[in-house]
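**Q** For reference, the chains in residue letters:
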Amino acid sequence: MSSGKKSIRALGAKLLDGAELPIRIAITICGWSSILFVGAIFFFIFKEAAPVFPHLDWGEFFFAHRWIPIPAEGNEPSYGAMGILYGTFAITVVSMFIAMPLGLGAAVYISEFAPPRRKEWLKILIEFLAAIPSIIWGFIGLVIMGPLIQKILGVEVGINLLNASIMVALMAVPLIVSISEDALRAVPDSYREAALALGASKWEIVYKVLFPAARNGLLAASMLGVGRAVGETMAVWMASGNTDNIPENFFNPLLVLERVKALTATIAGEMPDTVHGSEHYQVLFVIGIVLLTISVIINVVSDLIIKGIRKES
Amino acid sequence: MSPVSSSNPFAAGGNEIRKQRTENIAKNVMLGAAILLIIPVLVIIGYLFYKASPVLSWNYIWDVPRDLGRQGGIWLPLIGTFYLVIVSLMLVAPVGILAGIYINEYAPNNWLTRCINMAVTSLAGVPSIVHALFGVGAFVLTLGMGASLLAAACTIAVMTIPVIVTATREALAAVPMAFREACWNMGATKWQTIRTIVLPNSISGILTGVILEISRAAGETAPILFTGAAASVAVRTATVGDKLMPYQLDDRFMALSYHLHVVAEKISGMPQEMKYGTAAVLIALIVVINSFSITLRLYLRSRKKW
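So the sequence lines, in the order shown, correspond to chains H and S. Here my numbering is used: the first residue of the first sequence is 1, the next is one more, and so on. Here my numbering is used: the first residue of the second sequence is 1, the next is one more, and so on.
Excised from the complex, chain H in its bound form (with noise of 0.2 Å):
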């Protein structure tokens, strides 16, 4: 019985084995399988927003707000996306001024203060927080987090850009942590000893010599973070209000709590109305192209960022 397991294993092994060209071919072309993928995406979605490029206003695009793609009866359409492109940079420097201070607290906390074990225990909830789906988030602004800020600012609408802020701000967090920490636990220990030697206490050591050696890498985090923001749809469409919306006054405070439409939420919420090939359906493919070059942009750069850390350390 056992032996002729052992002759079963033995031919299966001599077959894997007598495959040794086949099988590193599969492996070799899944290997660039990746940048078959990234070429893809780019060729399908520029193939898809291509008939629409000549006779696309690209300066109404950019710069004027007036997004009405189905007008009233008799009227042209029109693609000024100036609003959803200030509410998607809105969204992403709020929830960043949120976001940055609780990652890097938090990043710093865990990689220098906290017990081992309590360390432990962070990281792992951490973890959970990075693992709550998007959808769960807009859920929670709609329903939570929407009826407390109508009670505690007591206005009259709690899906606004405030509350979609909070949300992909706790979804960016978890990155923040991560590479914040990394980039921290890269710093070596010859520097902290080198400081401690010379009377200085840990906070010192911490804002005195750590952030100025990590710099790259909490450049980075921050950069993986805004890519998050910017690229979030689910809970940015349920939390935000969805309203195409530019406040007057950029320096009042109150324009957080403005309802506001991102570039996310406009593809996801709009699309099933178009029309295939209609002009409409090629313009959200536009958008598709903007948010796909912030994103590689943002990954491409942070990434030489982080690999240029590892290099040095």
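None of these hints come from the bench; they were simulated from the model. As the structure is a prediction and not an experimental result, all values here were calculated from the model. Glycine included, each C-beta is placed from N, C-alpha and C at the ideal position. Treat the hints loosely; a few may be bogus.
Capping the alpha-carbon separation at 27 Å, the derived lysine-lysine pairs in DSSO-like fashion look like this [to be verified]:
| id | chain 1 | residue 1 | chain 2 | residue 2 |
| --- | --- | --- | --- | --- |
| 1 | H | Lys208 | S | Lys19 |
| 2 | S | Lys27 | H | Lys202 |
| 3 | H | Lys5 | S | Lys266 |
| 4 | S | Lys27 | H | Lys123 |
| 5 | H | Lys202 | S | Lys19 |
| 6 | H | Lys14 | S | Lys266 |
| 7 | H | Lys119 | S | Lys19 |
| 8 | S | Lys243 | H | Lys151 |
| 9 | H | Lys208 | S | Lys51 |
| 10 | S | Lys190 | S | Lys51 |
| 11 | H | Lys123 | H | Lys208 |
| 12 | H | Lys202 | H | Lys123 |
| 13 | S | Lys27 | H | Lys119 |
| 14 | H | Lys151 | S | Lys266 |
| 15 | H | Lys6 | S | Lys190 |
| 16 | H | Lys202 | H | Lys119 |
Reference excerpt, derived from the structure (chain H facing chain S, CB under 7 Å, subset only) [what the hints assert, rightly or not]:
| id | residue |
| --- | --- |
| 17 | Cys30 |
| 18 | Phe97 |
| 19 | Ile98 |
| 20 | Met100 |
| 21 | Leu102 |
| 22 | Ile135 |
| 23 | Thr233 |
Mind docking chain S on chain H? Use the hints.
**A** Positioned in the frame of chain H, the structure of chain S alone reads:
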């Protein structure tokens, strides 16, 4: 400056006391940031379960949605998510694991490899809604799959490639070079070494990646919006067999994540507890899946011998 007590020459001076105070404040602020992240979220999730408790029962899970989800249960979305995960996993796991093997074991150190690594990073950063657009252009239209379970699974598969590639690459990189060298010295070929030494020593790490993929695939909503998810489907659910296999690969399907979006926003007169129930089941699913991956990793670390 500060009066040094004659009884204790080592007592802290004013400068040290000030320093210590700053230190304590800073430490507590950092701890506060960590707590502020975690506690409210735990409270909110507890609240979701509390609000969902009236409907949570086996019957809620096993019953099909009726009246657009206002009554009944969530069986059809749940089984839809299950099939979406299985099909996408079958598509992405072989490609992702082999790609990870290529990058760590075979790839020469040249510009092409750097391009591959950069492609993996970019793929991880592409917004999910852009993946949805890609799915429409490539799978639904060009490959003629239509809006279907297969098209949605393909879209999810492309989106989650980086998860598996990264996990595999890191698991393989953690196997010490000496293991490989010992094997080569015995006359083994490269593939024999990978198959008999490298893969068995990194299987838990690869499995962690697979579990993370499952968690992503089960929770994502945006990529399946236009590629196959449906607010309601007409399928036969008379027998247990029908209930277990309600969808074909070319059918539109219901998924838990999209179902939550629909019941939360799209349908009027939806009872509150049905919304909370769907959210609670989805969260429970994600937490269970992730607990597996964390347990696996802790176990792996505890028995690591090198």
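**Q** Now tell me, hint by hint, if it's right for this structure.
**A** Right, here's what the structure says about each hint:
no.: 1; hint: Lys208(H) with Lys19(S); verdict: holds (14 Å)
no.: 2; hint: Lys27(S) with Lys202(H); verdict: holds (9 Å)
no.: 3; hint: Lys5(H) with Lys266(S); verdict: violated (58 Å)
no.: 4; hint: Lys27(S) with Lys123(H); verdict: holds (17 Å)
no.: 5; hint: Lys202(H) with Lys19(S); verdict: holds (10 Å)
no.: 6; hint: Lys14(H) with Lys266(S); verdict: violated (58 Å)
no.: 7; hint: Lys119(H) with Lys19(S); verdict: holds (25 Å)
no.: 8; hint: Lys243(S) with Lys151(H); verdict: violated (44 Å)
no.: 9; hint: Lys208(H) with Lys51(S); verdict: violated (48 Å)
no.: 10; hint: Lys190(S) with Lys51(S); verdict: violated (57 Å)
no.: 11; hint: Lys123(H) with Lys208(H); verdict: holds (25 Å)
no.: 12; hint: Lys202(H) with Lys123(H); verdict: holds (21 Å)
no.: 13; hint: Lys27(S) with Lys119(H); verdict: holds (14 Å)
no.: 14; hint: Lys151(H) with Lys266(S); verdict: holds (24 Å)
no.: 15; hint: Lys6(H) with Lys190(S); verdict: holds (23 Å)
no.: 16; hint: Lys202(H) with Lys119(H); verdict: holds (17 Å)
no.: 17; hint: Cys30; verdict: holds (4 Å)
no.: 18; hint: Phe97; verdict: violated (14 Å)
no.: 19; hint: Ile98; verdict: violated (10 Å)
no.: 20; hint: Met100; verdict: violated (10 Å)
no.: 21; hint: Leu102; verdict: holds (5 Å)
no.: 22; hint: Ile135; verdict: holds (4 Å)
no.: 23; hint: Thr233; verdict: holds (4 Å)
Against the hints set out earlier in the document, violations occur for numbers 3, 6, 8, 9, 10, 18, 19 and 20.
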